[in-house]
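If you want the building blocks of each chain, they are given just below.
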Amino acid sequence: MSSILAQLLLNGLIAGAIYALVAAGFSLICSVMKFMHFAHGGVVAAGAYFLFMFSQWFSPVPAILLALVTTVLFGVFMDWSVYKQLRKRHASNAVLLIASIGLMILTTNLILIGFGADVKTIPLAQHNPVYTILGARITLIQVVIIATSALLFGLLYYLMKCTRLGKALRAVADNNAIAQTVGINPSRMYLATFILGSALGGIAGMLIGLEQNLYPSMGLSLVIKGFTGAVIGGVTSVHGSILGALVLGMVENLGIWYLPSGYKDAIAFVLLFVFLLLKPEGILGKRFERG
Amino acid sequence: MKSILCVENVTKKFGGVAAVNKCSFDVTQGTITALIGPNGAGKTTLFNIISGIQPLDEGRMVFQSEDITGSATHEIARKGISRTFQLTRLFKNLTIKQNLLVAKEVSDVVLKKMLVSFGVKKSLSTKCTDLSYGQQRLVELARALLFPHSFLMLDEPTAGVNPFVREQLKKIIRCAAKNGTTVLLIEHDMDFVMSLSDHVIVLNEGCVLAQGTPAVIKKNRRVLEVYLGK
Amino acid sequence: MAFSAYLIHLGILSCMYVMLAISLNLALGFTGMLNLGHVAFFGIGAYITAILSMQGLPLWLTCILAIIGGLIAGILLAFPTARLRGDYLALATLGFTFIMAAIARNWQSLTRGALGIPGIPRLVASNEQYLFWISLSTVIVALLVSWLTKSSIGRTLQAIRDDELGAMVLGKNVFAYRMLALGVSASIAALAGFFFAHFITFIDPSVFSIDDLILMFAMVILGGLASNKGSVIGGVIIFLLPEPLRFIGFSSSIVGPARAILFALILIGMLVYRPRGIFGKVDLS
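Protein chains in written order, with the numbering used here: chain A, 1 to 291; chain B, 1 to 230; chain C, 1 to 285.
Don't take each hint at face value.
Simulated crosslink set (BS3-like; lysine-lysine; CA at most 25 Å straight-line) [said to hold, decoys possible]:
id, chain 1, residue 1, chain 2, residue 2
1, B, K112, B, K171
2, C, K229, B, K218
3, C, K229, B, K13
4, C, K281, B, K127
5, C, K281, B, K92
6, C, K150, B, K122
7, C, K281, A, K84
To be clear, the hints were calculated from the coordinates, so they are not data collected in a lab.
Extracted from the complex, chain A is given alone in its bound form (with noise of 0.2 Å):
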């Protein structure tokens, strides 16, 4: 019984690490551009599917290198084609919320053209050796997403707490006005924020090709564990994201403990539902407005 619930724990800690690193990324852009973009998940699925086409091609090393800049180059071209014009154009958050569903439709539906419907692996996770932690079972590619996160949200804190980008940034997303007013060049940060966040998108969705078969509307469901677990713990607080990616994690797979496993996706939008209504400005966040 208590090797099950070690399993069922450990599970959610994977299952928490891969949503947090799809929380950041999404929370992250939320809070400096101060709107939802859930083609986010469109760049999450990118990752995946850019390095099942590298490494089929190239060994491991360049593959994922070469993924994860392609990924970067579509995250940020999205919001040179579409948010930026948007932005010039002085366009409400509903329009760039609108336009960004559209994108996440658009990258699944080029994904189903360019590599069919049918699931797929990535080569490289041929090798995947299982240990044993107090009677839970965790493979090598396990291993490698908890420690990835980790060192991502460790990386990730030092760069917003201690660098000049990363004030720069939070001074963005505290008061874009005033920042200006202190010689921050917002198109920059904009710029700088979308690098970063499709990074830790794409990051993600290669971790999670590693891990699990790849489809095309994998996108979708993955941001929509990302910005469930970005409200739990705010949405413009990247580190309530992480936090909140996290519990959404074990919930999901403790709450198996009680209901058919059909249900699992179900807690998700229970949860978020849930939050939106009684605590939208989540655990560590602050309702965002657009000035």
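Let chain A serve as the given structure and place chains B and C on it in line with the hints.
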């Protein structure tokens, strides 16, 4: 001298700071009462509390011997309290006519007559964003007056309007009062206040500092200190 | 002969999408509610119709029950989301769509889950008759919504969209009006779902797909927010636009995604280059 609105010990805190602090006053039926005071005195907050937009922390409000404390904004409005805002809140995608009809269903003839008497010489089908700022203020005032009311609250009606519109506003407010409307207005323009109002309430740091007729207020030493510095 | 059957098929689905666009516009364009739950109301209508008509209920009754089901769903959604606006309302209504899809997938004793419900009886024997009934319904819906939006209720809805506080101080119960708009909008979407279920004769959880949501938004944005005429024209244009893809000879596995890509591109293109659409006079805020 029957009072139409009683504000009793109303307190509203933002964080730890009391924007309105144990504020009490009566507004007498049929008068024009002005609420004056330096910026940040809590005048607009008080307006928002009376119209139910912001909840109050303490105290109560009685309108026409009915307790309206804690009622929803639309319920308070339906009891006969109409108001305008510091920055005009016209429905930006609607025409002048549509804006006015939201307040009350009346015929085009009535609307047209009203606008002409207000000095707005635009067609009823003009989109309200095509009006000048002064005209927007006049249309907003027309809308507030059309809404069935016995009590009218005006938040800085003369802010940002030219002298011609200001005189127009004065005329309209006087006329409304003559027809039985009780008026409570926030105003910074002292000439406007002194020439128009029957009663003046001075608010400072969320408290009532002084009240009385314009002549009394003009001579009040504490009021002068607050306005001119010590 | 085959071509005229194809035209009738297009006519029927065009009518269904026009109903969906008109009803979405009532909530989105006229009332300013960023409602991503519209596709859920459609799905609810389709599922109610399918489940009840498989139980042998007569058509007129399933039709009424589908409409009532949509109305109840709309009102139920209005209650918890009463205080949410903008992005938060969008997220909550999207969450509602996902929850409905999860129920359809998982409540297998009722919905047969992912297997879907096949063999739904057809409304009438021939598609010609079906086209007549759905056209008639569409015209009634269009006239009803057009009357509603021109009435004092519609004026108040638009006032609420432009400035809630301004409407409140004029004595308008914003919550009641928003609930009314969402309820009417949802019941029309459910009626479209009724027609869909009887026409396709098979439904599965994919009726709650986000792809269709984008399709409906593209129709409303192209036609123009707060324009009923726009919804009709946007609905027809967007639905018919990808039809030539069928004749180019792409395989069906390409046509589906290609349609979705086209809709998404039109939607994004409209938002960037012509956010007010063909007849719109209002911006999404």
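Exercise. Within a Cα-Cα threshold of 25 Å, do C/K281 and B/K92 meet the stated pairing?
Worked result: 11 Å, holds
Problem set entry | C/K281 paired with A/K84 [C-alpha distance capped at 25 Å] | With a Cα-Cα distance of about 23 Å, the restraint between C/K281 and A/K84 holds, given a limit of 25 Å.
Problem set entry | Given pair status - B/K127, C/K281, alpha carbons within 25 Å | 11 Å, holds
Exercise. Does the structure keep C/K229 and B/K218 at a Cα separation of 25 Å or less?
Worked result: 61 Å, violated
Exercise. CA of C/K150 to CA of B/K122, is that 25 Å or under?
Worked result: The given pair, whose Cα atoms are some 22 Å apart, holds under the 25 Å limit.
Problem set entry | Satisfaction of hint between B/K171 and B/K112, Cα-Cα up to 25 Å | 18 Å, holds
Problem set entry | Holds or violated: C/K229 to B/K13, with C-alpha atoms at most 25 Å apart | Outside the cut-off at roughly 49 Å; violated.
Hints 2, 3 from the list above are not met by this structure, while the remaining hints are.
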